[in-house]
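Quick note, the sequences are listed as chains H and P, same order.
Heads up: the first sequence begins at 1 in my numbering, then just goes up one per residue.
Heads up: the second sequence begins at 1 in my numbering, then just goes up one per residue.
Possibly wrong hints are sitting among the right ones.
Derived CB-CB ranges, DEER-like [what the hints assert, rightly or not]: (1) Gly254(H) to Tyr97(P): 42 to 50 Å; (2) His299(P) to Gly254(H): 49 to 57 Å; (3) Lys225(P) to Gly381(H): 50 to 58 Å; (4) Tyr92(P) to Arg8(H): 34 to 42 Å.
Covered by chain P, per the in silico footprint, the following chain H stretches (three or more residues, Cβ under 8 Å) [claimed, not checked]: (5) 159 to 165; (6) 193 to 205; (7) 224 to 236; (8) 258 to 266; (9) 367 to 375.
Hints were generated in silico from the structure; no laboratory data involved.
Please read these numbers as outputs of a predicted model, since none were measured by experiment.
Glycine included, every Cβ here is placed at the ideal spot set by N, Cα and C.
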Amino acid sequence: MSKGEPLRLHVPEPTGRPGCATDFSYLRLSPAGAVRRPDVDVAPMDTRDLAYSLISVIDAEGNAVGPWVPQIDIEVVRKGLRAMMKTRIFDSRMLMAQRQKKMSFYMQSLGEEAIGTAQALALNEDDMCFPTYRQQSILVVRDYPMVDMICQLMSNERDPLKGRQLPVMYSVKKAGFFSISGNLATQYIQAVGWGMASAIKGDTKIASAWIGDGATAEADFDTALTFAHVYRAPVILNVVNNQWAISTFQAIAGGEDTTFAARGVGCGIASLRVDGNDFLAVYAASCWAAERARRNLGPCLIEWVTYRAGPHSTSDDPSKYRPGDDWSHFPLGDPIARLKQYLIKAGAWSEQEHEETQKRLEAEVLAAQKEAEQYGTMASGHTFSPAEMFDGIYKDMPEHLRVQRQQLGI
Amino acid sequence: MAENIVKTSMTMIQALRSAMDVMMEKDDNVVVFGQDVGYFGGVFRCTEGLQKKYGKSRVFDTPISEGGIVGVAIGMGAYGLRPCIEIQFADYIYPAYDQIVSEAARLRYRSAGDFTAPITIRTPCGGGIYGGQTHSQSPEAVFAHVCGLRTVMPSNPYDAKGLLIASIENDDPVIFLEPKRLYNGPFDGHHDKPVVPWSQNPLGEVPEGYYTVPLDKAAVFRPGKQLTVLAYGTMVWVSEAAARETGIDAEIIDLRSLWPLDLDTILESVKKTGRCVVVHEATRTCGFGAELVSLVQEHCFYHLEAPIERVTGWDTPYPHAQEWAYFPGPARVGAAFKRAVEA
Numbered sequence: 001m002s003k004g005e006p007l008r009l010h011v012p013e014p015t016g017r018p019g020c021a022t023d024f025s026y027l028r029l030s031p032a033g034a035v036r037r038p039d040v041d042v043a044p045m046d047t048r049d050l051a052y053s054l055i056s057v058i059d060a061e062g063n064a065v066g067p068w069v070p071q072i073d074i075e076v077v078r079k080g081l082r083a084m085m086k087t088r089i090f091d092s093r094m095l096m097a098q099r100q101k102k103m104s105f106y107m108q109s110l111g112e113e114a115i116g117t118a119q120a121l122a123l124n125e126d127d128m129c130f131p132t133y134r135q136q137s138i139l140v141v142r143d144y145p146m147v148d149m150i151c152q153l154m155s156n157e158r159d160p161l162k163g164r165q166l167p168v169m170y171s172v173k174k175a176g177f178f179s180i181s182g183n184l185a186t187q188y189i190q191a192v193g194w195g196m197a198s199a200i201k202g203d204t205k206i207a208s209a210w211i212g213d214g215a216t217a218e219a220d221f222d223t224a225l226t227f228a229h230v231y232r233a234p235v236i237l238n239v240v241n242n243q244w245a246i247s248t249f250q251a252i253a254g255g256e257d258t259t260f261a262a263r264g265v266g267c268g269i270a271s272l273r274v275d276g277n278d279f280l281a282v283y284a285a286s287c288w289a290a291e292r293a294r295r296n297l298g299p300c301l302i303e304w305v306t307y308r309a310g311p312h313s314t315s316d317d318p319s320k321y322r323p324g325d326d327w328s329h330f331p332l333g334d335p336i337a338r339l340k341q342y343l344i345k346a347g348a349w350s351e352q353e354h355e356e357t358q359k360r361l362e363a364e365v366l367a368a369q370k371e372a373e374q375y376g377t378m379a380s381g382h383t384f385s386p387a388e389m390f391d392g393i394y395k396d397m398p399e400h401l402r403v404q405r406q407q408l409g410i
Numbered sequence: 001m002a003e004n005i006v007k008t009s010m011t012m013i014q015a016l017r018s019a020m021d022v023m024m025e026k027d028d029n030v031v032v033f034g035q036d037v038g039y040f041g042g043v044f045r046c047t048e049g050l051q052k053k054y055g056k057s058r059v060f061d062t063p064i065s066e067g068g069i070v071g072v073a074i075g076m077g078a079y080g081l082r083p084c085i086e087i088q089f090a091d092y093i094y095p096a097y098d099q100i101v102s103e104a105a106r107l108r109y110r111s112a113g114d115f116t117a118p119i120t121i122r123t124p125c126g127g128g129i130y131g132g133q134t135h136s137q138s139p140e141a142v143f144a145h146v147c148g149l150r151t152v153m154p155s156n157p158y159d160a161k162g163l164l165i166a167s168i169e170n171d172d173p174v175i176f177l178e179p180k181r182l183y184n185g186p187f188d189g190h191h192d193k194p195v196v197p198w199s200q201n202p203l204g205e206v207p208e209g210y211y212t213v214p215l216d217k218a219a220v221f222r223p224g225k226q227l228t229v230l231a232y233g234t235m236v237w238v239s240e241a242a243a244r245e246t247g248i249d250a251e252i253i254d255l256r257s258l259w260p261l262d263l264d265t266i267l268e269s270v271k272k273t274g275r276c277v278v279v280h281e282a283t284r285t286c287g288f289g290a291e292l293v294s295l296v297q298e299h300c301f302y303h304l305e306a307p308i309e310r311v312t313g314w315d316t317p318y319p320h321a322q323e324w325a326y327f328p329g330p331a332r333v334g335a336a337f338k339r340a341v342e343a
């Protein structure tokens with residue numbers, strides 16, 4: 001036995017820090033159109049190559065190429081682009097409103113708009129999504145009224161959640177959007193349970209689970225994969241790898257020299273790794289996974305490779321831990337710009353229509369904000385009555401809560 | 001009417017199984033799952049025969065993952081099912097604590113009623129069986145502290161079935177703690193004597209069909225005049241032995257529902273007796289007894305004639321060899337009764 005060198009602890013680091021450029025070669029990219037499209041009944045272990053490559057459809061010139069080009073009505077693509085634009089405009093308006101203290105907190109989804117939008121379009125309206133706090137695009141594309149979203153953000157008198165929840169923690173059952181929790185990853189296993197319930201009842205609905213790269217380190221991530229595999233639950237297990245968990249690079253979550261899609265294969269789940277900034281690829285992969293689930297062929301894990309272009313939240317300053325111009329170097333670009341280029345090339349969009357749409361959506365968001373502000377903002381102090389604080393903890397209010405409410409003098 | 005009810009002698013195990021059987025028959029949305037719960041029928045036999053009767057899609061085994069068991073139950077509840085799930089030992093519920101506290105308990109509140117978690121989490125608890133550190137714990141206080149949860153613990157087969165049916169039917173999440181020491185017969189702490197089976201106890205007479213024992217309702221287990229005993233689970237039987245052996249006329253209240261609880265029954269008794277002893281197996285500091293002491297002190301201060309006593313497990317992990325020095329048996333409980341009446 002040789003006398004070894006002293007052991008060294010390995011602590012992963014991102015290549016790019018403030019003042020120096022990120023080397024994105026770690027991303028394991030594949031050219032658009034290069035990755036095969038298996039049948040939906042593929043055996044999970046035969047998706048190994050897919051878990052280590054990247055499915056892309058839209059090439060650098062804006063052409064849709066390869067086996068994953070989806071069967072999609074051009075009107076649906078146009079709807080998708082509008083929803084992505086609307087999400088981004090909404091985010092930027094709400095960011096401003098937070099700076100104006102009309103709400104206490106906000107989280108943008110800048111750069112990740114394609115993923116929620118395209119998957120929601122691939123699902124049925126009654127399929128239940130179990131989102132994180134960064135899938136607002138699902139609500140937008142499902143046409144949930146922006147006024148209601150903003151009322152939640154402003155915790156005002158019309159807040160559907162009665163001022164109980166931090167801004168962005170929406171809950172919209174009728175839009176297939178499960179109540180968001182601050183506790184990371186918890187909803188991932190709940191989504192599997194929802195899918196199992198659908199299977200128990202012989203229903204046809206499927207579940208869509210969402211998690212970020214950082215939160216995959218939570219126990220509920222692994223638990224969800226195990227249960228989804230064991231019971232062949234009809235669920236799409238989405239991992240949005242935006243490279244960052246607040247200040248922490250995805251390598252610290254366990255992404256170094258591997259992929260998150262590979263975790264799925266290891267658990268016996270068919271897995272895909274997809275360009276998250278390519279609307280058509282997101283739609284195609286989501287349709288594939290949805291069909292697999294609907295046909296009782298089991299779950300699918302999809303790692304969406306994207307980039308968190310904005311700050312983690314309004315309480316975060318990314319310039320303290322990553323290069324200021326990082327997004328402009330991200331090889332997969334901007335999902336809106338790429339789809340716009342594709343649609344123009346396909347003759348279904350134009351610069352002029354883009355500009356007009358942008359203006360119209362800005363006006364729509366502004367109008368929604370104005371309407372929502374009539375019901376109060378955090379700054380104006382028009383919020384739900386404190387009496388509401390005691391309600392809804394149990395189905396019926398127990399005596400001790402009735403007493404406490406009286407003690408508050410209301 | 002009452003004469004027509006068919007009663008059968010049941011152990012607590014059989015009573016719990018009967019409750020699940022009744023509810024699965026009554027409501028297609030009731031599903032039962034957990035570790036070893038399906039084919040094998042549970043390590044304590046509580047789910048024996050249910051899979052055969054209702055099929056694998058309604059009664060099934062799960063991976064060994066407490067967080068997973070509770071997490072999928074919450075998702076199923078959100079869909080519209082009514083899961084009644086099992087955690088093999090209360091000592092192993094902690095990996096599910098995040099799902100219970102952050103999710104099940106808060107879902108109705110945080111979604112303003114948009115989603116609910118009508119789930120029942122059954123879990124065997126308590127000591128007195130040489131279970132050592134991880135087969136003996138009584139973690140009720142960590143659940144009673146969580147707003148949005150209901151915490152329930154029966155002390156006999158009749159209540160076990162009625163409370164479990166009521167819990168499954170309840171739309172709030174329920175932590176249903178089953179004192180495994182009472183599974184086969186009442187236990188008064190006299191470990192040196194043979195166990196008397198439930199078949200020799202009137203509380204082992206259980207109706208075969210549907211009935212409920214209401215939540216939030218305590219039972220006066222033994223009426224008395226000299227002091228009030230607040231107890232639940234195994235300690236109800238230990239307290240009864242202590243009353244018998246000391247000759248003190250104790251009024252023993254079996255809380256049954258720990259939280260929310262039946263404050264009226266407690267206050268009425270303490271105001272009558274002027275003395276109160278709280279008994280639980282769980283460790284003392286910040287145990288559920290502290291809340292009971294506080295409530296009695298707040299509401300009965302001018303009626304109290306003695307300091308409120310607490311007889312509990314020591315502030316130690318549950319030991320193996322020192323089981324009977326740890327377990328609050330009739331001698332320790334009886335000594336507290338004497339202190340309370342002599343003060």
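Verification of the hints:
1. Gly254(H) to Tyr97(P): 42 to 50 Å: Distance hint for Gly254(H), Tyr97(P) is violated at roughly 24 Å.
2. His299(P) to Gly254(H): 49 to 57 Å: Cβ of His299(P) to Cβ of Gly254(H): about 53 Å, so the range 49 to 57 Å holds.
3. Lys225(P) to Gly381(H): 50 to 58 Å: 56 Å, holds
4. Tyr92(P) to Arg8(H): 34 to 42 Å: 37 Å, holds
5. 159 to 165: holds (count 5)
6. 193 to 205: It holds: at least three residues are needed, and the region 193 to 205 of chain H offers 9 whose Cβ sits within less than 8 Å of chain P.
7. 224 to 236: holds (count 4)
8. 258 to 266: violated (count 0)
9. 367 to 375: violated (count 0)
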